[in-house]
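Full structure from sequences and hints, please.
Residue numbers (the working numbering), protein chains in the order written: chain A, 19 to 116; chain B, 2 to 382.
This list has only true hints and no planted wrong ones.
Label pairs and their calculated CB-CB ranges:
1. B:ALA252 x A:ASP34: 23 to 29 angstroms
2. A:ASP77 x B:THR281: 32 to 38 angstroms
3. B:SER256 x A:LYS37: 20 to 26 angstroms
4. A:ASP76 x B:ILE255: 38 to 44 angstroms
5. A:GLN87 x B:GLN266: 24 to 30 angstroms
6. A:LYS68 x B:GLU248: 46 to 52 angstroms
7. A:LYS68 x B:LEU262: 31 to 37 angstroms
8. A:ASP63 x B:ILE255: 37 to 43 angstroms
9. A:ASP76 x B:LEU262: 36 to 42 angstroms
10. B:ASN278 x A:LYS68: 15 to 21 angstroms
11. B:GLU248 x A:GLU47: 31 to 37 angstroms
12. B:ASN278 x A:ASP76: 29 to 35 angstroms
Worth flagging that the hints you see were computed from the coordinates, not collected in a lab.
Here a beta-carbon is modelled for each residue, glycine too, at the ideal position from N, C-alpha and C.
This is what each chain is made of:
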Amino acid sequence: MILYKEILASLGINLDDEKSAALIQHFEETLQERVGTEIFEALDDDQASKLITLQQGDDMKATAEFIKQNVPDYESIVKDETDILLGELADDADALAA
Amino acid sequence: MTEQLGNIPPASPDDLQAFENKINNLDSRSFETEIQDFLPAIPATSAEVHVSVGSSTPTAGSTGEAAPAHAYSLPEEPSTTPAAASTEKFDWFDKPATLSRTASETVVTAPLPAQSHEGGRHRAPRRRGVLARIGDLGAKVSATLQETQDRRSARDYVADKLEGAEAKVRAGAKIAKETGETTMILASFGASEVHESMKTAWKNNKGKLKTAGKIALGVAVAPIVLGVEGAKLAARTGQEASRFTSEQITATRISFRKRGLEAAQRKEHRAEERAQNIRTERAAQGADLRTVQQQELQALQAKQARKAPSGRRAIITAAKQEAKINLMQAEHALELDDFNSQTREKVAPHYARANHIATKNARRQSNLTALRMKAAKRKAA
Numbered sequence: 019m020i021l022y023k024e025i026l027a028s029l030g031i032n033l034d035d036e037k038s039a040a041l042i043q044h045f046e047e048t049l050q051e052r053v054g055t056e057i058f059e060a061l062d063d064d065q066a067s068k069l070i071t072l073q074q075g076d077d078m079k080a081t082a083e084f085i086k087q088n089v090p091d092y093e094s095i096v097k098d099e100t101d102i103l104l105g106e107l108a109d110d111a112d113a114l115a116a
Numbered sequence: 002m003t004e005q006l007g008n009i010p011p012a013s014p015d016d017l018q019a020f021e022n023k024i025n026n027l028d029s030r031s032f033e034t035e036i037q038d039f040l041p042a043i044p045a046t047s048a049e050v051h052v053s054v055g056s057s058t059p060t061a062g063s064t065g066e067a068a069p070a071h072a073y074s075l076p077e078e079p080s081t082t083p084a085a086a087s088t089e090k091f092d093w094f095d096k097p098a099t100l101s102r103t104a105s106e107t108v109v110t111a112p113l114p115a116q117s118h119e120g121g122r123h124r125a126p127r128r129r130g131v132l133a134r135i136g137d138l139g140a141k142v143s144a145t146l147q148e149t150q151d152r153r154s155a156r157d158y159v160a161d162k163l164e165g166a167e168a169k170v171r172a173g174a175k176i177a178k179e180t181g182e183t184t185m186i187l188a189s190f191g192a193s194e195v196h197e198s199m200k201t202a203w204k205n206n207k208g209k210l211k212t213a214g215k216i217a218l219g220v221a222v223a224p225i226v227l228g229v230e231g232a233k234l235a236a237r238t239g240q241e242a243s244r245f246t247s248e249q250i251t252a253t254r255i256s257f258r259k260r261g262l263e264a265a266q267r268k269e270h271r272a273e274e275r276a277q278n279i280r281t282e283r284a285a286q287g288a289d290l291r292t293v294q295q296q297e298l299q300a301l302q303a304k305q306a307r308k309a310p311s312g313r314r315a316i317i318t319a320a321k322q323e324a325k326i327n328l329m330q331a332e333h334a335l336e337l338d339d340f341n342s343q344t345r346e347k348v349a350p351h352y353a354r355a356n357h358i359a360t361k362n363a364r365r366q367s368n369l370t371a372l373r374m375k376a377a378k379r380k381a382a
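As structure tokens, this is what we get:
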């Protein structure tokens, strides 16, 4: 889990358990999609094709290794996408808390 | 391959690159702002195309059916448009749209695709959604400009052409994003050749993207650090959720926003680097192609050289050609001389007669002058 209820609270987003769980799930799905998009952006067609093959084979370990090997700045991508999304969360905090 | 629309000049590569970067960082809140920023960059035609975008703020808690209406105004053509105001209703992508005519302008009001909402909150549009909306808007702008130039009715254009234009713009935007090409959006209006690669199609599969993102998140250190920070935050404060002071909340929000902006800049920088790398690679491929073409040309020249006479044979051939030319020139000179000689013989009698006539005329003129002088002297005496 990346986002915690405490982080939401620190932003002034105080929701009940059900709503905060839904928001956290939405946050993480959005983050996954954005990171996935950036990963694909960083690959050329051949590499993307290879990644697709690995994903279709459900080999998580090989896929992870492939990303490590072929997307040298994947950690930066993950960190930046996380920070961007948290920034958006901070921007939306008032609306979400209401 | 792209084509320009009439007198619309292409945007500069820097402008397009900047806009592409903006697209990469669009979210639901900033979308309309970005579009508003972008629209003025489209140069007005001589007919002063006017495009206005209405409010699209979604209603919280809506079911996703809400479709904000955007109005696009076209300058009216006086010669073909009735002065009286009128309103027509028509279907556009199976949704009701309105064409309003007044004495001064025509306004097409049509719905945008419905946006999804979840749990009473507006879900930030996915990248695909953003592209679709840009494509949608871009197509309308394109349609507006095209309409103005073609002097056809907005009604006909929207009904007949817009769907295809939208698809082209959308595909053009995708391709531009994928390849880092700077010939984006504007140049993609009216693109005649578009395609979607497997990679592009894959990028539209949210489930697969999420899987790739989830795996990347799993292997990255960053989210773990964030999680630790969250745990530390909770431990440090030891507070109930509702007990954060407004000052603490404000400080946290500011901190998160700042980090978000910095991250967005880094992301933009990465996108620029990727685009530059692709351009460099393509330039290198172009250089390779030129090298191959040069080699082929050299090979062809060598082949032709082998076929051509060489050495002693070439010298003999050249000497023969020179001798032949000299002979032709000599023959020509003789013929010319002979011609001149014959001509002189033929012309001589005519010259003699002409000289005789000229002499006779001169003598007559002289006698006439002498007679006139005598007459003048007598008259004076």
